[in-house]
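Residue numbers (our numbering), protein chains in the order written: chain A, 1 to 325; chain B, 1 to 325.
Bear in mind the hints are in silico, worked out from the structure with no lab data behind them. Any given hint could turn out to be false.
Identical chains share a label here; the pair holds if one copy fits it or two copies do between them.
[Stated by the list, open to error] With a cut-off of at most 20 Å between alpha-carbon atoms, the simulated PhoX-like pairs for lysine-lysine come out as follows: (1) Lys29 to Lys85; (2) Lys33 to Lys131; (3) Lys287 to Lys24; (4) Lys304 to Lys119; (5) Lys299 to Lys196; (6) Lys299 to Lys275; (7) Lys299 to Lys12.
2 protein chains.
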Amino acid sequence: MKIDMSYGSGGKQTGNLINDIFLKHFDNKTLNKLEDAAVLNVSGNIAYTTDSFVVTPLFFRGGDIGKLAICGTVNDLSMMGAVPKYLTAGFIIEEGAEIETIDTIAQSMAQAAMEAGVKIVAGDTKVIEGKGGIYINTSGIGEIIKPGISISNCHEGDVIILSGYLGEHHAAILSSRMGIENSIASDCAPLSSIVKSLIDENINVRCMRDVTRGGLATVLNEAAEHSGCAIEICEEDIPVSKEVQGFCDILGLDPLYMANEGKMIAVVPVQEADKALGIIRDNKYGKNAAVIGRMMGGKGVILKTRLQGTRSIDVLYGEGLPRIC
Amino acid sequence: MKIDMSYGSGGKQTGNLINDIFLKHFDNKTLNKLEDAAVLNVSGNIAYTTDSFVVTPLFFRGGDIGKLAICGTVNDLSMMGAVPKYLTAGFIIEEGAEIETIDTIAQSMAQAAMEAGVKIVAGDTKVIEGKGGIYINTSGIGEIIKPGISISNCHEGDVIILSGYLGEHHAAILSSRMGIENSIASDCAPLSSIVKSLIDENINVRCMRDVTRGGLATVLNEAAEHSGCAIEICEEDIPVSKEVQGFCDILGLDPLYMANEGKMIAVVPVQEADKALGIIRDNKYGKNAAVIGRMMGGKGVILKTRLQGTRSIDVLYGEGLPRIC
């Protein structure tokens, strides 16, 4: 069965899609009421964010657009020191999409939501002309358990930890598009448990950012600029798997500019760096974490190369890999 | 200047789009920080919702996709007895869209947000291949000032008030697509001030719904089903402007199934109906409000026709008008 325009009418067919797929997988008391808006009880400081997902292909090694749509928003909330609680899901579906595909994606969303401990409490479906594409927006609310974590909160002397190998999501998507056979899987994962552990263990985290579109280079530049610092990172300390490094060498890609969907940086005071690194490495999504650099006086991002040279690292210019997330 | 794929990369061009357009128009302290998520202080019961907007054409008499994206989510929050406070905006932009067009739409969003008293505190931009189309998702948070308003809260004997003329948005969009010249404008408007007045005046509102996709017929069926009641409405009491009625007569359209973007029903106890009607009529977006029917024992929605017959009214089947919102 394929989606046609009637599924976006707001009438009978839209209702069927909601009942047969979304309520089946996202089942929870709030969503099931089908009110105009979900009613929730929250208190104190919340984190609130949104992200749209347009990745192609919809399914790739290590995940799919559904898992990505949950993890992406869960991670954005987590980076603010929040425990992700509630998500919304807005689907824009192109005519011709298979209902079975939507069902598989919704199931994947439900699984990722369960792992991250979030509920999908509101949704929307629209249908547009096209060739069977599927786009998903998620927004999310989290309860902030450690206030003050911010991209502008890094201090000179702080240490930058990266939670694992760079470039896996990017390489997996590109491999899939180019029909290259390898075993590289997207790192798509919820980072909420790493963040919760850091906070529970009283690490004085200054700043966290998930390393997505634009890559590590862009994230580091944002941290340097907003915090009024420079950043120095060491090439030999940056974790990249052998397989991804080989992939990059062949295609001339730079892992610093490649997108990830389950990696983060945490900037912490130097005296807490070892403890923080240990906590991250204890998490299944942080096993290959490493200290990659530090905040310094000055401006910009400097890479110390393997050959002991230095290179200035700017944000991503140009296209990157289109529709990576 | 046109959008190309580099504007979706998360790098330099994405940053330019954010700075030059979104921060310029949506300017507020929270958004300007450009964190992964907005940090907000809220407490108590909140309403939380999402909606995507895919309307075509992007600009039409009475509004555009930007105004629609704000009003649609503001109205969904309002219908739960909430004061809309914060919105997120997720843009999915097709390659080839004019940056000037995006600027105009963002300006329109800012104006509508100001009127409704909401702030856009988080956003996201993605670029996909295509022909210059623009899709917008908004999610929203509101503070509930009157709890318990619900689609399942209507009681036998309650009165149904419709806030004004039906079918204007639908007729405006269809006129634009068909190149029909008339003066019908979309009713696109924020309903938050009507709702706030009803609550401030202590009307014991049972249920509110904005009458959008699927039309009045679909909304009434949902209220009847969820509340375990029947609904009787009178054809001659349903407000339709002469111009829209003429448009419907020519094209064979039924106002009951036409989409609106600035109309709502309010279900209230019979003894409060006159007062509630007066309050709604005092609002500039409710001047043509009318009592259109009542909740009864039984099931389904019954229309008493002008000729004193009765007709059973079902939800919208089939396509309606694709991409109406």
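Evaluation of the provided hints:
1. Lys29 to Lys85: Within one copy, since 14 Å is at most 20 Å while 24 Å is not.
2. Lys33 to Lys131: So lysine 33 and lysine 131 fail the 20 Å test inside a copy (32 Å) and across (38 Å) alike.
3. Lys287 to Lys24: Result: close neither inside a copy nor across copies, 35 Å intra and 42 Å inter.
4. Lys304 to Lys119: Cα proximity of lysine 304 and lysine 119: none, with 43 Å in one copy and 43 Å across.
5. Lys299 to Lys196: Neither. Shortest intra-copy (31 Å) and inter-copy (50 Å) distances fail the 20 Å Cα cut-off.
6. Lys299 to Lys275: neither (28 Å within a copy, 64 Å between copies)
7. Lys299 to Lys12: Result: close only across copies, 17 Å inter versus 58 Å intra.
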